[in-house]
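There are 2 protein chains.
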Amino acid sequence: MAFCALSEAKGMVIKMKHFNKTKYLKEAELTIETFKDIEEVVADISNRNIENIFLIASGGSLAIMNPIYFVAKQKTKLPIYLEVAAEIVATGHAQLSENSLVITASKSGMTKETVAMAAWCKEKNIPIVALVGKEGTLLHKLATYTVLGKAKDAPEFEYMQLFVLLFGLLEKRGEFDGYLEFKNQLKTIPGDLARFRDEFSPKADEIAKAFHNVPYQLWIGSGSIWGEIYSLTMCVWEEMQWLKTKAVTSAEFFHGTLEIVEKDTPVVLVKTDDKTRSLDERVEKFLPQICDNFFVIDLRDYQFSTVKTEYREYLMAPICSALLGDCLSSYYEFYSGHSLNIRRYYGVMDY
Amino acid sequence: MAFCALSEAKGMVIKMKHFNKTKYLKEAELTIETFKDIEEVVADISNRNIENIFLIASGGSLAIMNPIYFVAKQKTKLPIYLEVAAEIVATGHAQLSENSLVITASKSGMTKETVAMAAWCKEKNIPIVALVGKEGTLLHKLATYTVLGKAKDAPEFEYMQLFVLLFGLLEKRGEFDGYLEFKNQLKTIPGDLARFRDEFSPKADEIAKAFHNVPYQLWIGSGSIWGEIYSLTMCVWEEMQWLKTKAVTSAEFFHGTLEIVEKDTPVVLVKTDDKTRSLDERVEKFLPQICDNFFVIDLRDYQFSTVKTEYREYLMAPICSALLGDCLSSYYEFYSGHSLNIRRYYGVMDY
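Protein chains in written order, with the working numbering: chain A, 131 to 481; chain B, 131 to 481.
FYI, nobody ran anything at the bench for these hints, they're computed from the structure.
Treat the hints loosely; a few may be bogus.
In this list, chains with the same sequence are indistinguishable; a pair is considered to hold if it fits within one copy or across any two.
[To be verified] Cross-link-like lysine-lysine pairs, in silico, DSS-like; alpha carbons within 25 Å at most:
#1 K252 with K374
#2 K393 with K374
#3 K156 with K264
#4 K282 with K302
Using the sequences and the accompanying hints, generate a full structural model.
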């Protein structure tokens, strides 16, 4: 059974990370318990005169803001921006004021640039909602409102919290009708996400076997999963596996990156199942004509048991997070024999 | 003299592309002549009830919108968005309406996704200003207002046009006081940009000699030059030299990508001379501790002769375009013996 196998690459012995479904569903329950706290935050914010929303974070936490940004801009008349914490502190923004709402996140609650941004906002009386993984941390102390994370390593639970926050805010503005229904269906997705891991495992095994040690790999995706492609390549393959990558959107692939693809170039296309699917299909049609070393992961293969069709498009990033950030990374770790927990510089050097 | 040398790599004979200063300054003159057309466009737009601005394009033309977006969001209360043409057509945007202003660009005037976006906007009565390199092309026909490009291969002239457009609009809104002064100083930069090429040549020679054929190179930059880093790696190194690259912002470098850098990893940091310079300095301080195969290009080394200090920060992207997209790419071409004009797929296959 693959999940119990041992990798001995590089002279190390790595036991394949076992997906603990019981723990996962327990953490899902704890996450769902935070929905009522988020609704209190939404109620309070709705009494403020909010003129715009700024999603501001760093690295992996910036990436999880991406799908929220993607959905929000299709739905709300409220101006909404996605910004990098360090850049916003350096430059400011003409529309960021005490009438803004800043939404941020940091798993550790200690991300240097995000904490600096929160301090900078606080000084300007700009309200901040922060998703924080640890109580009592700097970000927790600086935030106007804190939503505590209950799951150690599952961005899909942060997505669930962000959706309740965003759609809650939109509902108050009359910009999202199905809030209660969607929230209830959201509670059912963890079981499905656990099942998707199992269904994806054989493919994860195949991809990891082929690409865990290639000198370069290209990942392509679009729309609401772009943040996931960005963070998988940067925060997982580069940071945790020391693998060189390039991530490009399906639309932009055709404006330069295609030219480096040859027969044997390692490529993965992740097809979303939302409004930008046609952009991925264009890549899918083109790739086989120039390359025979690619994989296609189609998120349409992963169907929720209770989520209504009209809400499904919002949930592409949680599927991606379960399949790629969790399941696939375990297979890379297994084949490479390179622990996902080892860093060369982060936590080792000061910078 | 390097500019007359011949490269015989790969059995081809490549004569180094000579920078034709006379032609360049002539094209600059023609570009400056378009300023009055742009001012007519600005006057007309200012009579409309514009609620927000959308900068929408594809590939290299999307990249040139980036510095405009960067400056605009620091200055205007008008909501402003930067979007990919193909994505906006696929998803729409809740705030994009006939009260929006779309600013777009395409050198060829025929970029498939940009033309489709313009047709989509036109159908919705959304006004479009288009920078177009060729008269009578599809984009020219679809646009509400067209600004014609007069220079074959110099994005810095498109930047000049975009600055006149943007700052002209902001001036009418009372959000940019120095418009006339800035416009007049803008007219003097082409001579400086030509001089910067000469000053940069020895360094370009050195970088190209070292990195024209490496299997992977990492480019880092921030703020108003991020678009230039993005397009240099994708639209020049990948598209025109078939070199594998990764581009990352100075801020995000510390959230994953740093871990793949070893002693011999080819890295170039481009230091801007605007508000995000401190983010680049953080990278500059860190890099030598882990790598000895990197170059730093400091835009502070390139000083305009007449531009006032307070306007200098807007002009980082034009400097970058002259140094990297033009001068450095010629040196890469020379050493690689790989013509910048050859494509594997673009113009060869249908996609």
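Please write out, lowest number first, the hints stated earlier that are contradicted by the structure.
-> 1, 4
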